[in-house]
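Undergrad: Chain by chain, the residues run as shown.
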Amino acid sequence: MSAVASDPCVDYEAVIGLEVHAELKTKTKMFCGCRNEFGAKPNTNVCPVCLGLPGALPVTNRKAIELAVRFGAAVDAKIGRAVFHRKNYFYPDMPKDFQITQYDEPINAGGKVEILDAGALHTIHLTRAHLEEDTGKSQHQGVSGRIHDATSTLIDYNRAGVPLLEIVSEPDIRTPDQAKQYVNELRAVLGFLDISDVKMEEGSMRVDANVSVRPVGAEAFGVKVEVKNMNSVRSLVRALTYEIERQTVVYREGGRIVQETRHWEEEDGRTHSMRSKEEAADYRYFPEPDLVPITLDQAWIEAISAEVPGVFPSRRAVQLAEQYGFDLDRVASVVYTPGLCDWVEAEIAIGADPLRSLNWASQEVMAHLNETGGEVAGLALSKGVFADLSSLIDDGTLSKKLAREVLTEVLVSGKSPRTVVSEKGLAQISDESELERIVAEVIGANPETIEKIRAGNKKVVGFLVGQVMKATKGAANPEAVHRLIDSRL
Amino acid sequence: MSISREDVLHVAKLARLALSEEEISLFTVQLGDILNHAAAACALDTEGVPPTAHPVPIAHLLREDEPRPSLARGLVLEEAPAVEADRFRVPRILDET
Chain A
1 MSAVASDPCV
11 DYEAVIGLEV
21 HAELKTKTKM
31 FCGCRNEFGA
41 KPNTNVCPVC
51 LGLPGALPVT
61 NRKAIELAVR
71 FGAAVDAKIG
81 RAVFHRKNYF
91 YPDMPKDFQI
101 TQYDEPINAG
111 GKVEILDAGA
121 LHTIHLTRAH
131 LEEDTGKSQH
141 QGVSGRIHDA
151 TSTLIDYNRA
161 GVPLLEIVSE
171 PDIRTPDQAK
181 QYVNELRAVL
191 GFLDISDVKM
201 EEGSMRVDAN
211 VSVRPVGAEA
221 FGVKVEVKNM
231 NSVRSLVRAL
241 TYEIERQTVV
251 YREGGRIVQE
261 TRHWEEEDGR
271 THSMRSKEEA
281 ADYRYFPEPD
291 LVPITLDQAW
301 IEAISAEVPG
311 VFPSRRAVQL
321 AEQYGFDLDR
331 VASVVYTPGL
341 CDWVEAEIAI
351 GADPLRSLNW
361 ASQEVMAHLN
371 ETGGEVAGLA
381 LSKGVFADLS
391 SLIDDGTLSK
401 KLAREVLTEV
411 LVSGKSPRTV
421 VSEKGLAQIS
431 DESELERIVA
441 EVIGANPETI
451 EKIRAGNKKV
461 VGFLVGQVMK
471 ATKGAANPEA
481 VHRLIDSRL
Chain B
490 MSISREDVLH
500 VAKLARLALS
510 EEEISLFTVQ
520 LGDILNHAAA
530 ACALDTEGVP
540 PTAHPVPIAH
550 LLREDEPRPS
560 LARGLVLEEA
570 PAVEADRFRV
580 PRILDET
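Protein sequence lines correspond, in order, to chains A and B. Per our numbering, residue 1 is the first one in the first sequence, and the count goes up by one each step. Per our numbering, residue 490 is the first one in the second sequence, and the count goes up by one each step.
Honestly, I wouldn't trust all of these hints.
What the hints assert, rightly or not - According to the in silico footprint, chain B covers these stretches of chain A (three or more CB under 8 Å from chain B):
| # | stretch |
| --- | --- |
| 1 | 86 to 94 |
| 2 | 155 to 167 |
As the list claims (entries may be wrong) - Away from chain A, derived, C-beta distances all over 12 Å, residues of chain B:
| # | residue |
| --- | --- |
| 3 | Arg-494 |
| 4 | Ser-509 |
| 5 | Phe-516 |
| 6 | Gln-519 |
| 7 | Gly-537 |
| 8 | Thr-541 |
| 9 | Glu-573 |
Claimed, not checked - Here are a few chain A residues that face chain B, going by a calculated C-beta distance under 8 Å:
| # | residue |
| --- | --- |
| 10 | Thr-26 |
| 11 | Pro-42 |
| 12 | Asn-43 |
| 13 | Gly-55 |
| 14 | Val-59 |
| 15 | Thr-135 |
| 16 | Gln-139 |
| 17 | Ala-150 |
| 18 | Thr-151 |
| 19 | Ser-152 |
| 20 | Thr-248 |
| 21 | Asp-282 |
| 22 | Pro-293 |
Read the hints as simulated data drawn from the structure, not as lab findings. Cβ atoms here follow ideal geometry from the backbone N, Cα and C, with glycine treated the same way.
Using the sequences and the accompanying hints, generate a full structural model.
TA: Here it is as structure tokens:
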């Protein structure tokens, strides 16, 4: 291939396109009334339609159409008439021996997603976002539990027929980090708009990657490889990094890349060639004769579009960074968590200090959510937590350090900051007479240290300050303590 | 319009059908006839006529997102050639590597 020379001095760049599959948050499957639920007992949510029994007829779920349109509206896609096709293939995960999907007339065509890349917004274009049905879940039997050395496969058809939105990007992605940002952005949008649960670990959001490399500056694409089986964003980054390196080395050594599908294995950190019994893809698509085309009422599209808040996390992060002078990376850590950014902005609106609020959200609140596995919506907090903490710092009641401790307690207990301060006696001691009493006690209890200080060893003053802080459980103002000790000696 | 023996073999392989020599010859002729019949439509002037995705002129047939009872598992698995751990058991999927 002329685009790829085997010169070891040539730098290569990756060209990546991602296919993100998101299971839609519906109560029932795409074409039948079986429940769409994760973790049900195997083969209990199945019926003649999703098992492909003869004579069964599919009927499209209105909610699935609505959720697909909601996504299309959010990413500015062309939303239009959609035709379902049969994609024919023999694979035991689809009992019908075909999958109903959309082919040349997807419900959403085009569109774009903006991601944060090197401190700026970067646009990733979408090819399409179409509706299809999910396949059954395979469990490979064998020594390793992996597909390669499986002796047999067990299948649960509960997932067969669950509505999926397949979001296909243009090959606009160049680095594993951009891929990560893109997936984070999509995950946030799909989650915020209540389109999908977007839990990669449960498989409600899955990512496949098309990867090729080419010499920097070349226009033609290299031969692309499809990489599957990444179960987390971390796996995606690892798999892409590995695959880009693998292809680069092959070209550098004068070899050629074969167009194929490769399976990522988390355990050995490599991609493996999948040799399928299937011939080269020949899916013989044809319009699904059991379903009529979907033509959408323009007023319905507009009504759904009107409910879609037009702000992506990436764009919101940039806006907030500009508005308040925030560090973009710090803002980025809060905008992808559902509800967190809304909370920060609501608190700022009622008087909370913007920068402190951002820091609390990105540190204490994020730490709490990570620890408990909870969500912002699940925190039973009264309005004004950050605003109260801000004024408690401003009036000298709390040091910044104490404020953070109070917040952690507020998050755990659900009590208000003022309640925590009074219950725990956490208020910073600014009453000088109380502090003077403690300082006098500490000095009286440490005559040897006082001798050293009088003898000129000023370093040990720190020890006394430490003793006072200990006696006040950290509630003393260190500057005041220093001043009081100095005046006493 | 005719189709070749190779076309028939390819389609048979995709459909997982093992055909005898007589069947291959027979289906090559029969499939050719069917294609010729359909090809007659190509002779018509369809300029400005949108492709038909479905012969029935109805567009909106949507179902509300309300669950309906599924089949009893015992009944479902009764039809399976092999069952293990309440799942359908099938032969391995990939070729030897």
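Undergrad: Against this structure, judge whether each hint is valid.
TA: Hint check results:
1. 86 to 94: Since three or more residues must qualify, the claim that chain B covers the stretch 86 to 94 of chain A holds, with 4 doing so at under 8 Å.
2. 155 to 167: As far as the stretch 155 to 167 of chain A goes, the hint holds, because 3 residues have Cβ atoms under 8 Å from chain B.
3. Arg-494: holds (17 Å)
4. Ser-509: Non-interface label stands for B:Ser-509: nearest chain A Cβ at 21 Å, farther than 12 Å.
5. Phe-516: holds (16 Å)
6. Gln-519: holds (18 Å)
7. Gly-537: Nearest chain A Cβ is 17 Å from B:Gly-537, so the label holds.
8. Thr-541: B:Thr-541 is in fact no farther than 12 Å from some Cβ atom of chain A, at 9 Å.
9. Glu-573: Non-interface label on B:Glu-573 violated, nearest chain A Cβ at 6 Å vs cutoff 12 Å.
10. Thr-26: holds (5 Å)
11. Pro-42: Hint holds; A:Pro-42 Cβ to chain B Cβ min 4 Å, cut 8 Å.
12. Asn-43: holds (5 Å)
13. Gly-55: Violated - the Cβ of A:Gly-55 stays beyond 8 Å from chain B, reaching only about 14 Å at its closest.
14. Val-59: holds (4 Å)
15. Thr-135: violated (12 Å)
16. Gln-139: With a minimum Cβ separation of about 7 Å from chain B (threshold 8 Å), the hint on A:Gln-139 holds.
17. Ala-150: holds (5 Å)
18. Thr-151: At 6 Å from the nearest chain B Cβ, A:Thr-151 passes the 8 Å test, so the hint holds.
19. Ser-152: With Cβ-Cβ at 6 Å, under 8 Å, it holds.
20. Thr-248: violated (24 Å)
21. Asp-282: holds (6 Å)
22. Pro-293: Check passed: Cβ of A:Pro-293 comes within 5 Å of chain B, closer than 8 Å.
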